Amino acid sequence: MDRRNFLRYGAAAGALFGAARINPDFFFSSAYAQGARPLVFLSAENITGNWDPTAHTTLSQTNIEGFVMGYLTRAPMRPEQPDEVVYELATEITELDAHRLQIKLREGVTFHDGKPFKAEDVKATFEYGAMADRPKQVYPGPTDTFEVTTPDDYTVVVDTSKGGYGASLFIFLASYLPILSATDVAAGPKGPLSQRLNGTGPFKFVAQQGNNTVMEAFPGYFRGAPKVPGVTFSFVGDATTRMLSLMNGQADVIERLEPEQVETLQGEAGIKLSRLVSVENKYLWFRCSKPPFNDPRVRKAAAHAIDRSMIMEIMGTAGEASNNFISPIKFGYFDIPNYPEYNPEECQRLLAEAGFPGGEGLPDLEYITSTGFYPKTKEYGEVITALLQEQGFPVTLNVMEVAAWNERLYDRPGGGPGHMVDCGWSTGSPEPDLVLRTHFHSSAKRITGIEDPEIDAALDAERNAHSMEARKESLQTNLMPMLADKVPALSLFTSVLIHGMRADVDGLFIYPDGQSDAATTTIA
Amino acid sequence: MFILRFLARRLFQGAIIVFLVSALIFTLLRVVPGDPVRLMAGGMAPEALIEQIATDMGLRDPIWQQFGRYMGGVMQGDLGQSFVRPANGAAVGGASFDDTTRSERAEVLTLIAETAPMTLQLALLAMVFALIIAVPIGVWGGLRPGGWPDRMALYLSSLFVSLPNFWLGIVLALILSVKLQLMPAIGYQGFAYTILPALVLAIEIAPFVIRTLTVSVAGVMRQNFIDIAGVRGLTRNQIVFRHALKNSSVPLLNLLGVQFSMLLGGVLVIEFIFDYPGLGLLTINAVMQRDFPLIQGIAIVTAAAFVLINIAVDLIATAIDPRLEY
Numbered sequence: 001m002d003r004r005n006f007l008r009y010g011a012a013a014g015a016l017f018g019a020a021r022i023n024p025d026f027f028f029s030s031a032y033a034q035g036a037r038p039l040v041f042l043s044a045e046n047i048t049g050n051w052d053p054t055a056h057t058t059l060s061q062t063n064i065e066g067f068v069m070g071y072l073t074r075a076p077m078r079p080e081q082p083d084e085v086v087y088e089l090a091t092e093i094t095e096l097d098a099h100r101l102q103i104k105l106r107e108g109v110t111f112h113d114g115k116p117f118k119a120e121d122v123k124a125t126f127e128y129g130a131m132a133d134r135p136k137q138v139y140p141g142p143t144d145t146f147e148v149t150t151p152d153d154y155t156v157v158v159d160t161s162k163g164g165y166g167a168s169l170f171i172f173l174a175s176y177l178p179i180l181s182a183t184d185v186a187a188g189p190k191g192p193l194s195q196r197l198n199g200t201g202p203f204k205f206v207a208q209q210g211n212n213t214v215m216e217a218f219p220g221y222f223r224g225a226p227k228v229p230g231v232t233f234s235f236v237g238d239a240t241t242r243m244l245s246l247m248n249g250q251a252d253v254i255e256r257l258e259p260e261q262v263e264t265l266q267g268e269a270g271i272k273l274s275r276l277v278s279v280e281n282k283y284l285w286f287r288c289s290k291p292p293f294n295d296p297r298v299r300k301a302a303a304h305a306i307d308r309s310m311i312m313e314i315m316g317t318a319g320e321a322s323n324n325f326i327s328p329i330k331f332g333y334f335d336i337p338n339y340p341e342y343n344p345e346e347c348q349r350l351l352a353e354a355g356f357p358g359g360e361g362l363p364d365l366e367y368i369t370s371t372g373f374y375p376k377t378k379e380y381g382e383v384i385t386a387l388l389q390e391q392g393f394p395v396t397l398n399v400m401e402v403a404a405w406n407e408r409l410y411d412r413p414g415g416g417p418g419h420m421v422d423c424g425w426s427t428g429s430p431e432p433d434l435v436l437r438t439h440f441h442s443s444a445k446r447i448t449g450i451e452d453p454e455i456d457a458a459l460d461a462e463r464n465a466h467s468m469e470a471r472k473e474s475l476q477t478n479l480m481p482m483l484a485d486k487v488p489a490l491s492l493f494t495s496v497l498i499h500g501m502r503a504d505v506d507g508l509f510i511y512p513d514g515q516s517d518a519a520t521t522t523i524a
Numbered sequence: 001m002f003i004l005r006f007l008a009r010r011l012f013q014g015a016i017i018v019f020l021v022s023a024l025i026f027t028l029l030r031v032v033p034g035d036p037v038r039l040m041a042g043g044m045a046p047e048a049l050i051e052q053i054a055t056d057m058g059l060r061d062p063i064w065q066q067f068g069r070y071m072g073g074v075m076q077g078d079l080g081q082s083f084v085r086p087a088n089g090a091a092v093g094g095a096s097f098d099d100t101t102r103s104e105r106a107e108v109l110t111l112i113a114e115t116a117p118m119t120l121q122l123a124l125l126a127m128v129f130a131l132i133i134a135v136p137i138g139v140w141g142g143l144r145p146g147g148w149p150d151r152m153a154l155y156l157s158s159l160f161v162s163l164p165n166f167w168l169g170i171v172l173a174l175i176l177s178v179k180l181q182l183m184p185a186i187g188y189q190g191f192a193y194t195i196l197p198a199l200v201l202a203i204e205i206a207p208f209v210i211r212t213l214t215v216s217v218a219g220v221m222r223q224n225f226i227d228i229a230g231v232r233g234l235t236r237n238q239i240v241f242r243h244a245l246k247n248s249s250v251p252l253l254n255l256l257g258v259q260f261s262m263l264l265g266g267v268l269v270i271e272f273i274f275d276y277p278g279l280g281l282l283t284i285n286a287v288m289q290r291d292f293p294l295i296q297g298i299a300i301v302t303a304a305a306f307v308l309i310n311i312a313v314d315l316i317a318t319a320i321d322p323r324l325e326y
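Protein sequences appear in the order of chains A and B.
In terms of the UniProt record's numbering, the first sequence opens at residue 1 and continues consecutively.
In terms of the UniProt record's numbering, the second sequence opens at residue 1 and continues consecutively.
Simulated from the structure, these hints should not be mistaken for lab results.
Hints are not guaranteed to be accurate.
As the list claims (entries may be wrong) - Straight-line distance between alpha carbons at most 30 Å, and here's what the computed DSBU-like set of lysine-lysine pairs gives:
(1) B/Lys179 x A/Lys272
(2) A/Lys486 x A/Lys290
(3) A/Lys190 x A/Lys136
(4) A/Lys290 x A/Lys376
(5) A/Lys472 x A/Lys376
(6) A/Lys227 x B/Lys179
(7) A/Lys162 x A/Lys136
(8) B/Lys179 x A/Lys376
(9) A/Lys118 x A/Lys104
This structure is a prediction, so every number in the text was calculated from the model and none was measured.
Model the full structure from these sequences, guided by the hints.
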């Protein structure tokens, strides 16, 4: 064979291979041809690779669970009625006494795998979700602090006598923890729970295809089959790409709009925006288990160095001012009177008292933040850095892409990486302990690493209160002022969730934690 | 026999290049900051667990030992498993520290085999578009050296080369996809999704093709055999298309070989902007997640592609101009 023939045969083989790659549909079907089509939701965050709902605290995956899983109740948490509860798998919740809660369940509901929903599923979910080795922080206490009995297939009684806390805590938990199938739970954390989602929600999990989570309408959904044939939930890392997808009609819903994107989209025909005060506050978390922020005076000095009104100017429509460690739509919120305000004199006084006059003697401090997920983190991170430097804190801002920041986020033995970290915390329930206990109790201390017996006692006291009123009082007169005094973290503001969606998408209900209810959604 | 000797020699040289690239990438990945085990195990993992996983995986052995093991696998076609990605290929984020329930990790070879054809399709289409844009402008400029077609070729090249590809990508998506609704832009659901990113890449490549063609066509047109062709009675079209273009194509071929290899190496920015699921997007995610086996696998595959493309280019060049020796 000479080289000309070699090339000729090579080219023919290449053409043959290439022809097989061409999609013939392209030549006769328009990319915009649409019949009944699934709802396309673009997410700003990736998933974890483990479908067990108790194995993560990742928002995007929680949003997927919102489509697939069923909950005993749902909490719409609108500012005008923050503690409203809508019954879903539960039909009635009654406090039998301070330590016993009775939950009546809906009949005729089935899981996507065909298993009928019964009391055993609720019992299995509560017991499994509260196990100490489950990464998702579930309050009010571990499995051995409560007992779940099932008098019949559709009644559950939760008894918290052993734990000493009020059973009413399970009322808010009901809208946070998705109900798992007892059969899945029995197979343990290495069983089917980690391989796929199986719920009672309007959409059935079909497959994970690359970065696309494919769900299809569940015809047996107890509120009636959804109108759209499915939901495709995709991770798209770039904010501009998500916006362009919405504008050209490839996406129906996108999340976490930047303020300037809001301005762009406001003028666009065919696009509407949803703005919701969320359950998420954004925090500056201090690494409390290592110097210098193991000293509450230094933490408080840093808090007094920060002018939060400047941050609000940067956030624009994407932030809402608040003066508490929880969102205004959570149970127990009030403006804490001693919440640290911008006060350079007080900052200097505290620094001097801690032995660092004018910041002298402080070690080099690393402030870790992310870019690409939360709006404006880099921009307000630079402002916070400048304000802290102005008061003598030798701070360096380290802006990371989401995966690297995620890797450095949590506490570790000896203290997590860096000295301060930016992060939000969002939980789909009015329950304040899902934030407060998760982050400030020494048994959890997710990011701060704080171990403070006084805070632990205050958290236990409010949890153990025997009525909702007593609990609110304990929160507002004891725990919250104490947190404002010890400042294990500084809540900067409450996030406003801004979703962009196509104008022809109707009936999509968005919860303040970012989950959506598309059971009655239509696409014109 | 020439072809066999040529292929044997070049493939041997290529294997050495791929080996050296692998060694370099392998060493660099292990000396840069960022512990992949921390990413695998999750943010809350205690140090003892991190060390245990790292030791179990052999990541605390000397680099040469790790490299030896790795190359042993590569020789048998095993590029290893991704540190981070589950078998379904999803990009994943933070999870718990001792989460033994994560799905099975994906094979690097499978991930590359799924994404490489996408990038190959994009690269081929980009080259076709680039030639459609550049050949008429470049040839015309070369036929009129110093004239206005030559100046126009220069101005257009300068314009194209100064457009940042991320900006151009967003603008073209806005105009062609959002405003005119001519084609889709984001993700991949079919061949149509390749057009827009390919167009952006073509505009990026076109200036180099234009300049190369302008210069080489002008050079060939000054040769004696072109003048003699006129004397032989050939028409201008015959001279240009049958003789001048053929002789000008060798430098162009070399350029296209290099450009195509670079495209296959992962068109990072473009694939990220268009969320195009090719090698570029895979590479970006792999780098961000410190997914060593995946980065190494991509490096080896693209180095091998580079070598093979260059062998093909040299073969074609000798076919066009038998005087060339490689």
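Verification of the hints:
| no. | hint | result |
| --- | --- | --- |
| 1 | B/Lys179 x A/Lys272 | 17 Å, holds |
| 2 | A/Lys486 x A/Lys290 | 15 Å, holds |
| 3 | A/Lys190 x A/Lys136 | 16 Å, holds |
| 4 | A/Lys290 x A/Lys376 | 28 Å, holds |
| 5 | A/Lys472 x A/Lys376 | 33 Å, violated |
| 6 | A/Lys227 x B/Lys179 | 29 Å, holds |
| 7 | A/Lys162 x A/Lys136 | 22 Å, holds |
| 8 | B/Lys179 x A/Lys376 | 28 Å, holds |
| 9 | A/Lys118 x A/Lys104 | 10 Å, holds |
Of the numbered hints listed earlier, the single one contradicted by the structure is hint 5.
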